[in-house]
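> Model the full structure from these sequences, guided by the hints.
Chains A and B supply the protein sequences, listed in that same order.
Heads up: the first sequence begins at 26 in our numbering, then just goes up one per residue.
Heads up: the second sequence begins at 699 in our numbering, then just goes up one per residue.
Bear in mind the hints are in silico, worked out from the structure with no lab data behind them.
If you're wondering where the values come from, they're calculated on a predicted model, not measured in any experiment.
Watch out, some of these pointers could steer you wrong.
Lysine-lysine pairs mimicking DSBU-like chemistry, simulated, CA-CA at most 35 Å apart [what the hints assert, rightly or not]: (1) LYS1086(B) with LYS1053(B); (2) LYS98(A) with LYS880(B); (3) LYS116(A) with LYS136(A); (4) LYS1058(B) with LYS880(B); (5) LYS66(A) with LYS98(A); (6) LYS1273(B) with LYS1295(B); (7) LYS116(A) with LYS28(A); (8) LYS66(A) with LYS28(A); (9) LYS1053(B) with LYS28(A); (10) LYS98(A) with LYS116(A); (11) LYS880(B) with LYS136(A); (12) LYS1273(B) with LYS1122(B); (13) LYS136(A) with LYS1053(B); (14) LYS1255(B) with LYS1295(B); (15) LYS116(A) with LYS880(B); (16) LYS98(A) with LYS136(A); (17) LYS880(B) with LYS28(A); (18) LYS116(A) with LYS66(A).
Looking from chain B toward chain A, a few residues come up when the C-beta cut is under 10 Å (computed) [stated by the list, open to error]: (19) GLN738; (20) GLU859; (21) GLY861.
We put the CB at the ideal spot given by N, CA and C, even for glycine.
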Amino acid sequence: MTKTVLTVDDSPSIRRMVALTLGEAGYTVIEAVDGLDGLAKATAQAVDGIITDQNMPNMDGISFIRALRQHPKGQGVPVVVLSTDSSESLKQVAREAGATGWMVKPFDQAKLLAVARKVFG
Amino acid sequence: MIPADLLQTFQDELRDLLESLDRGLLDLRGAPQDGALVAQVFRDLHTIKGNAAMFGLSDLSDFVHGFETAFDRIRSGAAEVTPEVIRLSLLARDEIPGLVAGQPDTEGRRPAIIAALEAELGRALRRDEDVAEAPAEEAPAPVAQAVGSVLTFSLQGRAFETGQKPELLIRELAALGATDLKADLSDLPGPESLDPAQCHIRWTCRLPATVRRSDVEEVFLFADVSWDLVPVAAPAAPVPDVPPYASEPEPEPVAATIRVPAARLDALMDSVGELVIVEARLTELARQSSDPALLATAEQITRLAAGLRDTTMTMRMVPMRTLVGRFRRLVSEAADALQKPVQFTIEGEETEFDKTLIEKLADPIVHLLRNAIDHGIELPGTREAAGKPTMGNIWLSAEQAGTEVLVRIRDDGRGMNPATLRAKAVAMGLIGADAALTDAQLCNLIFEPGFSTAGTITQISGRGVGMDVVRRTIEALRGTITLDTAEGQGTTVTLRLPLTLAIIDGLLIEVAGERYTLPMECVQEIVELPVERQVQRSGGEFLDIRGQFVPFIRLHKVLDCAAPAAGRQNVVVTKAGEEKVGIVVDHILGTNQVVIKQMSKLHRGVTAVSGASILGDGGVALILDVAQAVALARRRGLAADPSPQKPMTTEAA
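Have a look at this one:
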């Protein structure tokens, strides 16, 4: 059964890259443009994994994960945070908010796929 | 390598981001204290930087980093927005397109702008260390000598709630060669205090000696795991009473698609083309020998070659999606420039075209879209007065129909008035004042060189060059272009193109002992040429086909060959653009599949011939360009203009 991954990012380029890379690897990819949109989509249908940007309008990635973990449907879904910040403090914040993994931008398609396989299976 | 369409998305997004940046900076000039605007500018810069880095544009990424850092200082309240900050920021913003295009900064302008921005913000900005991709790999230090190690690990905290999956960790360990996996459930609490979000299992497994500590760290990169790795001197005895966890690594899925350089596909297509020729030759030889075994083999080769040809063609197909980004940008820019709000809808983005075709199709489509905005769509005020929504509409659609692809460019603009077109054409001397032309024929006059009805010449289009170039390009691709228009309602331009450019189905004919190939797609029917059906009218000869008068040309006259001996002749009724024209030939030899060979440079000036094909017996048959042959005949007074009595109907789009 194919796994569905939600990419939450205000940048169409990143969404497109995620959709292309994971799509080629057999995942079904759905897209959301910010945290609010992501929350609506992640709670409206079952997703097997989420890749979210940190810095977004309306609702940032960390707030999105916090809100997601409050929702019954958002518990247990692996979430990878994308950020240009590689500091340990961000990882700490992400982990505490309930993130499952994180990835530092820039990354290439191979790296993205490796992380997706690692965290989503 | 980054796929071209992904790069296009990047370019499109960059354009949007630059627009947003412009707006943000200009608004900020009027409201320097507006924190939301500062945040907006910062976010735009941040995204540009991130995307640039993703797409390998390190110069851009580095430049924007300095720019972004400046705005981060403003965002954090350490510096203020001044008019000079805005001025410098706009200068910096203007450097971005050049950086994308890879223009060198010979005068050192870029660092100077950033330095000035830094100075203005009152503090030299230190360029942060670039984000580290990954921590440096440890020195390879095997955890044990030759025998391996035992790993014990357990997930901490509310692991299941945050989506951690021990089975994935186990899979990764298995890929490292883990064996003897055991689960220790001794920490499992009773049902009354069991927290389903926690993983109460402690696992133990053996790892081979080749596994380093850093490999294990990599497996547990994201996991909140407490783990311990102990080297062992001797293989641990398997525990007999606990069955080993089934930890077969899942096979890596094989990539569903692979990328191949386009040149290799071209080479493959060439080889397939040669194969088709040789196959025709073999079939011919087999037929002559009447050896049943040879005939059977030749038949098999024919089938295989056809299959190979079809597969090769499919491999060369690319979706229109790869082009639409460019069209979107063009429409939005042209609409802005002309202040005509336009809704641009694209249908059939996934329709596939031959690679060569799509490369050559982009320019004509661009031209037609420009025309639609410039000449088709009216200004909002005019539209409102005509009772139309102020927002204009342009549609671009593509679909496959049999062996053709149809591309349509449609607008809901003002359309064209046949009377205006006629007046213009008469004024330009293109047609006589009393020329009997249908509306459809009048509309197609816009494809004549130098024809333009635009009152004023604009930046976007209207110089009167173009539509004839568009038509020539489309015809060179063995396609046709037709136009449908209704005054006040809009215009539809339809391009019909062959699926492929390399191999065609042909009708082999003979004139004065020479063989020629007519492209099958323009052949409509074949009729005999009985004398009683021929109608002589002023201007030429017509054939009465089921009540419709079709002009015809005698090919031997056009080609300056000897007239055939009296006897039955055949007329191949062809469709040249919008009109039907009969072509009188001596003999019909049959259908064949031909590989188009380009004419040599020396023959480039030859009209009415679009290429050559090699036949099964090794002979050459020139491929006739029907539209050109008809035009040539007209110029030499050998063919009538389309019949005025029975006007051709244009197809409804």
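> For a quick check of understanding: which of the numbered hints are violated here, in increasing order?
1 and 4
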